[in-house]
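Construct the complete structure from the given sequences, taking the supplied hints into account.
Counting from 872, one number per residue, gives the positions in the sequence shown under the numbering used here.
Certain hints may be false.
Under the rule of at most 30 Å between Cα atoms (straight-line distance), these lysine-lysine pairs were calculated in the DSS-like manner [stated by the list, open to error]:
1) 975 / 904
2) 920 / 892
3) 1023 / 996
4) 1082 / 1096
5) 896 / 935
6) 998 / 933
7) 1043 / 1214
8) 996 / 896
9) 996 / 1119
10) 1214 / 935
11) 1023 / 1043
12) 1011 / 978
13) 975 / 999
14) 1082 / 1214
15) 1214 / 1081
16) 896 / 920
17) 892 / 935
18) 1033 / 892
19) 996 / 1214
20) 1033 / 1214
21) 1043 / 1082
Think of the hints as simulated: they come from the structure by calculation, not from any bench.
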Amino acid sequence: MRNLDIKNFPLANKKTEEFRKCNVKNIIELQYKENSFKDVVNFDFDFLKLEGFNRVFFANEKIKDQNLIDDISLEENIITINKECKNPIIILNYYEDENTIFEKDLKYSINSNSDILIFEIFISKNKKNLINQKRDFDIKSSSNVEYVYLQKLSFDDFLDIKFEPSIKEDSKLKFFNFNFGASNAYNQFDINLDYANSNFEMEALTNISKKQEIANIVSTIHNGKNSSSSIKANHILDENSHGIFEVKTRVNHEANNSAVIQNSKTTLLGDDAIINANPRLEIFIDELTASHGATTGSLDEDILYYLQSRGLSRTQASKMMLEAIENAILAKISNEEIRNIIKEI
872 MRNLDIKNFP LANKKTEEFR KCNVKNIIEL QYKENSFKDV VNFDFDFLKL EGFNRVFFAN
932 EKIKDQNLID DISLEENIIT INKECKNPII ILNYYEDENT IFEKDLKYSI NSNSDILIFE
992 IFISKNKKNL INQKRDFDIK SSSNVEYVYL QKLSFDDFLD IKFEPSIKED SKLKFFNFNF
1052 GASNAYNQFD INLDYANSNF EMEALTNISK KQEIANIVST IHNGKNSSSS IKANHILDEN
1112 SHGIFEVKTR VNHEANNSAV IQNSKTTLLG DDAIINANPR LEIFIDELTA SHGATTGSLD
1172 EDILYYLQSR GLSRTQASKM MLEAIENAIL AKISNEEIRN IIKEI
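Structure representation (structure tokens):
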């Protein structure tokens, strides 16, 4: 067993501004076993073996199943995707151990003129593991990448994951961010838009309850001309859960004609649920389009009343309204089969 070595832990301490609302004590005071790459016997994920999809399934960080039908290579921790790859890719990360630290990083290297969809899933069975990982994206010029991230870990697990995309000129990364599980989960994004016409978009949904704490902590720096970023998050918080939306965007002198959007919407279902939403802009040019904001409220009583007048119970009406929030985000995913998996998993 070992205590967490802060020097190797990308999560900053609470003295750092972006993390001052995070309850990191839950993570850093625990002791963890090294990953023994324990074999997983009952691995029932056949429903993810979709026809026409590339796939790599990891179990306790070992490859359990792999089927690459396109021009894709997996070497060490790097997945290289060539422009001839036309079919979606599913990456499954499944963890079945206890009090274990998992530290497998991955890098996606995407060649120029590519158009690809990646669906990465994090699921666990047991409890009090720490998934402490990083995802790098090297997206070459004139490429379009749609990345769907689904986190549904055990309610006793901890997650700290850092995303660092490099987006070259005339390229776009559209990032869908779904958080449903984990006791504490910290999604960190370090985005540098250094190239002309580089684009980053995020659509996030956090739907949690009990004592869960989920944070999206985003730093975006615009250096390239005509670069754009759009970061939108919806939070559905029940019981005494805690959502955190810390987003800072800096637009430097070189980034003329850039566009920036930051938006957080929160629906509080529990009396003790808390949201800390802090969208911030640092702008050093005049030629840009920018907006930011954060709203918090409960379900609209007028709509609830209307739905009840049509014969629904209050519980049914509430469920319908919450599903509408989720479906509005899911509808933006280009692949129907992936949308259905997120609904059912």
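We went through each hint and held it up to the structure:
1. This hinted pair checks out: residue 975 and residue 904 have alpha carbons roughly 15 Å apart, not beyond 30 Å.
2. At roughly 40 Å between alpha-carbon atoms, residue 920 and residue 892 are farther apart than 30 Å, so this suggested pair is violated.
3. A threshold of 30 Å between alpha carbons decides the hint, and for residue 1023 with residue 996 the separation of about 10 Å falls inside it, so the pair holds.
4. Proximity of residue 1082 to residue 1096 is assessed by CA-CA distance (about 43 Å); at most 30 Å being required, the pair is judged violated.
5. At roughly 33 Å between alpha-carbon atoms, residue 896 and residue 935 are farther apart than 30 Å, so this suggested pair is violated.
6. Straight-line distance between C-alpha atoms of residue 998 and residue 933 comes to about 19 Å, which keeps the hinted pair within the 30 Å bound.
7. Of the pairs offered as hints, the one joining residue 1043 and residue 1214 holds, with about 26 Å between alpha carbons and a cut-off of 30 Å not exceeded.
8. Proposed proximity of residue 996 and residue 896 is supported: the alpha carbons are some 23 Å apart, at most 30 Å.
9. The suggested pairing of residue 996 with residue 1119 is violated, with an alpha-carbon distance near 34 Å, which exceeds 30 Å.
10. A distance of roughly 24 Å separates the Cα atoms of residue 1214 and residue 935; the hinted pair therefore holds under the 30 Å criterion.
11. Distance check on the hinted pair: residue 1023 and residue 1043 sit about 26 Å apart at the alpha-carbon level, within 30 Å; holds.
12. For the proposed pair residue 1011 and residue 978, the alpha carbon gap of about 13 Å is at most 30 Å, so the pair holds.
13. With a C-alpha separation of about 17 Å, the suggested pair residue 975 and residue 999 falls inside the 30 Å cut-off, and the hint holds.
14. Distance hint between residue 1082 and residue 1214 is fulfilled; the C-alpha atoms sit about 23 Å from each other, no more than 30 Å.
15. At roughly 21 Å between alpha-carbon atoms, residue 1214 and residue 1081 fall within 30 Å of each other, so this suggested pair holds.
16. Taking the CA atoms of residue 896 and residue 920, the gap is near 38 Å; set against the 30 Å cutoff, the hint is violated.
17. The straight-line distance between the Cα atoms of residue 892 and residue 935 is roughly 38 Å, outside the 30 Å bound, and the hint therefore fails.
18. With a C-alpha separation of about 18 Å, the suggested pairing of residue 1033 with residue 892 holds against the 30 Å cut-off.
19. Simply put, residue 996 and residue 1214 have alpha-carbon atoms about 19 Å apart, close enough for the 30 Å limit, and the pair holds.
20. With a C-alpha separation of about 25 Å, the suggested pairing of residue 1033 with residue 1214 holds against the 30 Å cut-off.
21. Distance hint between residue 1043 and residue 1082 is unfulfilled; the C-alpha atoms sit about 36 Å from each other, more than 30 Å.
Consistency note: the structure conflicts with the earlier hints numbered 2, 4, 5, 9, 16, 17, 21.
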